[in-house]
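> Here's the letter readout for the chains.
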Amino acid sequence: ILNVEQSPQSLHVQEGDSTNFTCSFPSSNFYALHWYRWETAKSPEALFVMTLNGDEKKKGRISATLNTKEGYSYLYIKGSQPEDSATYLCAPYYKLSFGAGTTVTVRA
Amino acid sequence: GAVVSQHPSRVICKSGTSVKIECRSLDFQATTMFWYRQFPKQSLMLMATSNEGSKATYEQGVEKDKFLINHASLTLSTLTVTSAHPEDSSFYICSARSPNGAGEQYFGPGTRLTVT
Chain E
20 ILNVEQSPQS
30 LHVQEGDSTN
40 FTCSFPSSNF
50 YALHWYRWET
60 AKSPEALFVM
70 TLNGDEKKKG
80 RISATLNTKE
90 GYSYLYIKGS
100 QPEDSATYLC
110 APYYKLSFGA
120 GTTVTVRA
Chain Y
527 GAVVSQHPSR
537 VICKSGTSVK
547 IECRSLDFQA
557 TTMFWYRQFP
567 KQSLMLMATS
577 NEGSKATYEQ
587 GVEKDKFLIN
597 HASLTLSTLT
607 VTSAHPEDSS
617 FYICSARSPN
627 GAGEQYFGPG
637 TRLTVT
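Protein sequences appear in the order of chains E and Y.
Quick note: the first sequence uses this note's numbering, first residue 20, plus one each step.
Quick note: the second sequence uses this note's numbering, first residue 527, plus one each step.
Hints listed in this document are in silico derivations from the structure and should not be mistaken for laboratory results.
Fair warning: there could be bad hints in the mix.
Just a few of them, taken from the derived set where beta-carbon distance is under 7 Å, the chain Y residues facing chain E [to be verified]: (1) Ser569; (2) Leu570; (3) Asp591; (4) Gly629; (5) Phe633; (6) Pro635.
Glycine included, every Cβ here is placed at the ideal spot set by N, Cα and C.
With these hints in hand, go ahead and build the complete structure from the sequences.
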C-alpha cells in the first residue's frame, strides 16, 4: 500500500443496522492514525487517534481498531442512526492527505 | 475542544485579482497548520504545510508562487491566491495541529472561493 485507501467509497445503511469500513495505509514507519468525521456543511472533526497495534477506541456507538503490522484500521458503527450520516476520513500522521473517505448514509 | 476559525467563509472575486484567506487557532498555539483544497466530489487534498516562522512546504503540483502561505504567528496562517482564475474556484479549508503528542488536527469551517 503506497497511499491511504478507504473502502468502500460509500455505504447505505438502514437505521438500526451495524456497519464497518476499512482504512488501509502503509505499515512502515507508523506513528499514528487519525479518524475524522465530516458532516455536510461542517468542518471535519477528530474522532479517534490510534497509536498502538491492537488498539481499540470507542466513542458512543462508534469504535475503531488498529493493525499497524498489516496496515489497516476498521471503523464500526453499531445500531446506525441518521445522525451518523457523514463522510469518515482516515489519515496516517506522517502523510496528512486523507483517503477518499467512506460516505455513510443512514436511511430511516 | 480546540477552535479554529477561517475568514472569509465565502468570497467572490474577479479573475486576475488576489484573495487572502485567514486561518486562526483561537485557544491554542499551533506551530503547524495545513491548507487543503477540496475538488468537487473528492476528498481533501493537502496543498501545503505551514510552519510558524519558516517557509511553507508545498505538495507536489501546487504552485508556491500562486498560493502564497504565511505563518507569521503561532495562531495565524494566511493563504493568498494570487492572480486568481476561474479554475481556482474551490473550497479551501485549513487545519491546525494539536500541540499534544498525537497531533490530531482541528479544522476551520472552510472558505468557498468563486472566481468570475
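> Taking the hints in turn, state whether each one holds.
How the hints compare with the structure:
no. : hint   : result
1   : Ser569 : 5 Å, holds
2   : Leu570 : 5 Å, holds
3   : Asp591 : 22 Å, violated
4   : Gly629 : 6 Å, holds
5   : Phe633 : 4 Å, holds
6   : Pro635 : 5 Å, holds
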